[in-house]
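Peer 1: Let the hints inform the model, and build the full structure from the sequences given.
Chains as they are written, first to last, in this note's numbering: chain A, 1 to 110; chain B, 1001 to 1115.
Hints were generated in silico from the structure; no laboratory data involved. If you're wondering where the values come from, they're calculated on a predicted model, not measured in any experiment.
Selected chain A positions facing chain B (Cβ under 7 Å, derived; list incomplete):
#1 K42
#2 G43
#3 P44
Every residue gets a Cβ at the ideal spot worked out from N, C-alpha and C, and that includes glycine.
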Amino acid sequence: QKEVEQDPGPLSVPEGAIVSLNCTYSNSAFQYFMWYRQYSRKGPELLMYTYSSGNKEDGRFTAQVDKSSKYISLFIRDSQPSDSATYLCAMKGGNEKLTFGTGTRLTIIP
Amino acid sequence: GAVVSQHPSWVICKSGTSVKIECRSLDFQATTMFWYRQFPKQSLMLMATSNEGSKATYEQGVEKDKFLINHASLTLSTLTVTSAHPEDSSFYICSASRTGEVPLHFGNGTRLTVT
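Peer 2: Okay, here's the thing in structure tokens:
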């Protein structure tokens, strides 16, 4: 079993829709939870960063962490074609190493 | 904001040759740099962690003699793929962070093609 599970998609939604992206994990030691956006042939770009359980909102993006269920989510409101990318969840425990999900390829259809 | 620069962005080399990839932190001192490898439609796989002035720590299954990492200064780490083979063709990405910080900043990656 992988430490971090993420549905690879692809996921296609119409412009303006709410997008829900999710990851599950098995390592209870994970404390920091990140979402990265990666455009084709580019490095990952940090979108959201959450410590422990709870919600965090930044503009159209909301990150949720439920440590009891070992489940994290990223919501994108009013999705735009420019949001089309691969979204990677990542987690870390007490050391500096990140463990990534496989990424979900998202396409927003104009 | 903080920026990590990676060079070259793409490189084609012949089998048996060596290729060096540079990763620079442009406006902060990176005590730790990470090197990842990413295959098409797959996630980032950590290859090694390097701390300035010390030997890199390689992940299980990564050949340290093949993937040479040098972190000689707080702003520069290099990855050298030695005696490259076609199976080494991949997208290599670095990230940099300060001590205790979440690795927030990634380079734009280097696409290596070995012919």
